[in-house]
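Asks: Residue-level listing of the chains:
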Amino acid sequence: EAGVAQSPRYKIIEKRQSVAFWCNPISGHATLYWYQQILGQGPKLLIQFQNNGVVDDSQLPKDRFSAERLKGVDSTLKIQPAKLEDSAVYLCASGRWGVDTQYFGPGTRLTVL
Amino acid sequence: AQSVSQHNHHVILSEAASLELGCNYSYGGTVNLFWYVQYPGQHLQLLLKYFSGDPLVKGIKGFEAEFIKSKFSFNLRKPSVQWSDTAEYFCAVIVNTNAGKSTFGDGTTLTVKP
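First to last, the protein sequences are chains H and S. Each residue of the first sequence is one higher than the one before, starting from 1 at the first, in my numbering. Each residue of the second sequence is one higher than the one before, starting from 1 at the first, in my numbering.
Any given hint might turn out to be false.
As the list claims (entries may be wrong) - Partial selection, computed: residues in chain H whose CB lies under 10 Å from chain S: (1) 37; (2) 58; (3) 60; (4) 91; (5) 93; (6) 103; (7) 104; (8) 107; (9) 111.
Derived from the structure by calculation, the hints contain no laboratory data. Source: prediction; values computed, not measured. Beta carbons: idealized from backbone N, C-alpha and C, even for Gly.
Please put together the full structure from these sequences, using the hints given.
Replies: Next up, the structure:
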């Protein structure tokens, strides 16, 4: 089966600019996750979708980050405006259901200058 | 809120040495436990998982982990490491509710010297 796809793979922007990341999960997976991984740390959950509903977004900085999952399939994560501390790898993962194995995409490495 | 602690940030071993990586979590209820691995240049992928039953679980490439409920631990082991095991290892916990909330540890970088 095809894996989780993410684009772009790399992005460099200046602070206060906006950026968007795209994720296409594995077909049939109901759960979709967005993580932020800062260098030297583990993935931190930003938002979790079950189909097209939000299950958990308690760690999403809602003043600047937003995410949506279109028709329960693809998802986009947006940052507006970006700050220096947003420099990180943004990982998308999907799973058949919320408590099982997560399948990760390659991630998007964001550098904010 | 649950948390996951991995005690070793960087471990360096010679080939054929035995490996044990510690993982402790804090959560009073039922959890599902995972070890993920990220080889250089590759995606995070599942190494093994525990949901219920036998607390000793076996994964890919000769890895195993033991769930000790009384210690809130899920340590990863391998009797004899190989150079190809060089990677970053992450312990993760999902709270076993309808949707589950996922929490990862900060990872352990394992370097195996040939």
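Asks: So, for every hint listed, does it hold in this structure?
Replies: Checked hints:
1. 37: holds (9 Å)
2. 58: holds (8 Å)
3. 60: It is violated, given that the least Cβ distance between residue 60 of chain H and chain S is near 13 Å, above 10 Å.
4. 91: OK, holds: residue 91 of chain H within 10 Å of chain S, min 7 Å.
5. 93: For residue 93 of chain H, the interface hint holds, since the closest Cβ of chain S sits about 8 Å away, which is under 10 Å.
6. 103: This interface hint holds because 8 Å falls under the 10 Å limit.
7. 104: holds (4 Å)
8. 107: holds (8 Å)
9. 111: Since the shortest Cβ distance to chain S is 19 Å, the answer is violated.
The structure fails hints 3 and 9 (numbered hints given earlier, in ascending order).
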